[in-house]
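Start from the sequences and build out the full structure, keeping to the hints where you can.
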Amino acid sequence: MTDLARSGETVVLRGRGLVGGVAEGEALVTREAISGWGGVEPRKGRVIESRHELVGQSFAGKVLVFRGAKGSSGWSGMFHMSRLMGSAPAAMVFTTMNTKIALGVVVTHVPAITDLDGDPFELIATGDLVRVDADRGELTITRRGG
Amino acid sequence: MRLADDEQAMLDGEQGEAVAAAMDLLVRYGEVLGAERLVDTDNVCGANLFGSRHSLVCGSPTPDAAFSEHSLDAPTVLTIPPVKAQSYQLIGPMDTKNWQVQGLPQAEHDEIMASEQYNAEHGIHLLTTCTPYQVGNVPLKGEHCAWMESSAVVYVNSVLGARTNVEGRESTGAAMLTGKIPYWGLHLEENRRGSHLIEVSTPVTSNRDWGLLGYWIGEQVPEEAIPVVDGITGTTPDLVRLKHFGAAAASSGGVEMYHVPGITAEARTRDEALAGRTPVETLGYGPAQRREAYEHLNATASDTSVDLVMIGCPHATLGQIRDVVRLLEGRRVHPDSELWVFTPRALRHVAEQNGYAKALEDAGALLMSDTCPAIGQFLPKGTRVIATDSAKQVHYLPAIMNVQGWFGTLAECVDAAVTGTWRGEQP
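So the protein lines, in turn, are chains X and Y. The first sequence lines up with residues 1 to 146 when you count with this note's numbering. The second sequence lines up with residues 1 to 427 when you count with this note's numbering.
Hints listed in this document are in silico derivations from the structure and should not be mistaken for laboratory results. Each residue gets a CB set at the ideal place from its N, CA and C atoms; glycine is no exception. Please note that a few of the clues may not be correct.
Here are the computed distance ranges between Cβ atoms for each label pair [stated by the list, open to error]:
# : chain 1 : residue 1 : chain 2 : residue 2 : range
1 : Y       : GLU17     : X       : GLY56     : 36 to 46 Å
2 : Y       : ARG384    : X       : ARG51     : 15 to 25 Å
3 : X       : ASP117    : Y       : THR282    : 27 to 37 Å
4 : Y       : MET113    : X       : GLU9      : 56 to 66 Å
5 : Y       : PRO105    : X       : GLU26     : 38 to 48 Å
In structure tokens:
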């Protein structure tokens, strides 16, 4: 947490930018990993895994903050499809690397960041405004007021 | 990432635009992983069978367009050359023989058949199964592979000692054209040792027991864990049990490799499995844990009227097909239920020769191949409740098709098909 800077309601984290670009959006946060194929419905970008804490919610246009990828090898294919159908997340922030998430962020073509110098699950709440600058490896959180 | 000369030449376009695009994808992917280099592979299993769902979003109806977009993540439509590596088609969306049972329109059938023909022309072997290791692709210990299909990956890593990460459609598409895959994760010896110790204190014998154990472990350990399953006594698991076990652990969680000391390829002993290290965590599996897994697997089900019984996830062995035939002897599938058994295309042929396919049909059941209800997204019309002996299928099908799902033994499943009623009991 050494590099953690606070200014008012804004928190800045640094990490490893994976897929370039800058995007901003409302955060959707889960400490759980997400299943792609069989866990996500790509037309609306909805989580459908029966006992997942986000079941029924859509990540379309959101900054998806999650542990990482689990389950079927169709993970990348499902997020690839969500991009082609216009329901991909605006950006992805995750904590656990594996081949599913690595290939998934590559083919989703949205800014992605990992290896952050602070715990994103402690610092980001669903609904916060999050800006991901993957070119500079920087994530800015603006806490939702009230 | 450091590229060898032949890899740089491919990236520079020496072997054409499609190979360059494939290498570009592997470089982007390898850099996200933090891989230092690529490794040669001559054993690739991927998923390149496309129907209208895939072609509609490509902006062009040609098979080259579908392969360029979905299999290579390429920005333009490329002319795809024959594959370089030994390449195999995994399970797909359609049973080429029973496609009408799936309710597919003629046009969709024709499009998928054209896609299959395109794959054949490009040198991709048409195994069309989630279990290539049953039918002609049994990798050796230490062989570097690039496989999709989480249940097959966990099987060949653990049981056979082959080396593959869980690859995706785009990385296997690129590996087919280049013969390369990032040298990362389970390709490296030091990443294949056990991390979590599971001490089993309850008998694990039947397919159901192995499915329950796998499902529970997948829920408990983190995605990167390599569980060591110790305490299996009095029984040696077989291909079917470990197929169910691995598929379950890779569905509830992300297990890509495990060790069973004395059984699996890289674990003659518990010490070898752990490489002498202390496990990160030790977990106990007894009757309470088994009950928890059973309850989770049956969490979506409440109605006991069963519309479909599905057997063969992962695809059934000949022995499993024979077991269904025997359980059906002198009985018939209930008029309000269906019983579908799924197997690889090659084994369906043998099952026909052996008379199993006809025996199933005579009892009102059906032997299918190439696909499954979760992958193909199909059910008998009006299905509300399914039953299966597969932890994997009951994990996915209710979520994908919005139905209730029962999980139990093969005998309980066949009984449900014959009576139309679920009467399974918690172990």
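Evaluation of the provided hints:
1. Y:GLU17 - X:GLY56: 36 to 46 Å: Holds, since GLU17 (chain Y) and GLY56 (chain X) (Cβ atoms, about 42 Å apart) stay within the stated range.
2. Y:ARG384 - X:ARG51: 15 to 25 Å: 20 Å, holds
3. X:ASP117 - Y:THR282: 27 to 37 Å: 31 Å, holds
4. Y:MET113 - X:GLU9: 56 to 66 Å: Distance hint for MET113 (chain Y), GLU9 (chain X) holds at roughly 58 Å.
5. Y:PRO105 - X:GLU26: 38 to 48 Å: The hinted range 38 to 48 Å holds for PRO105 (chain Y) and GLU26 (chain X), with Cβ atoms some 40 Å apart.
Comparing the model with each earlier hint shows no violations; every hint is respected.
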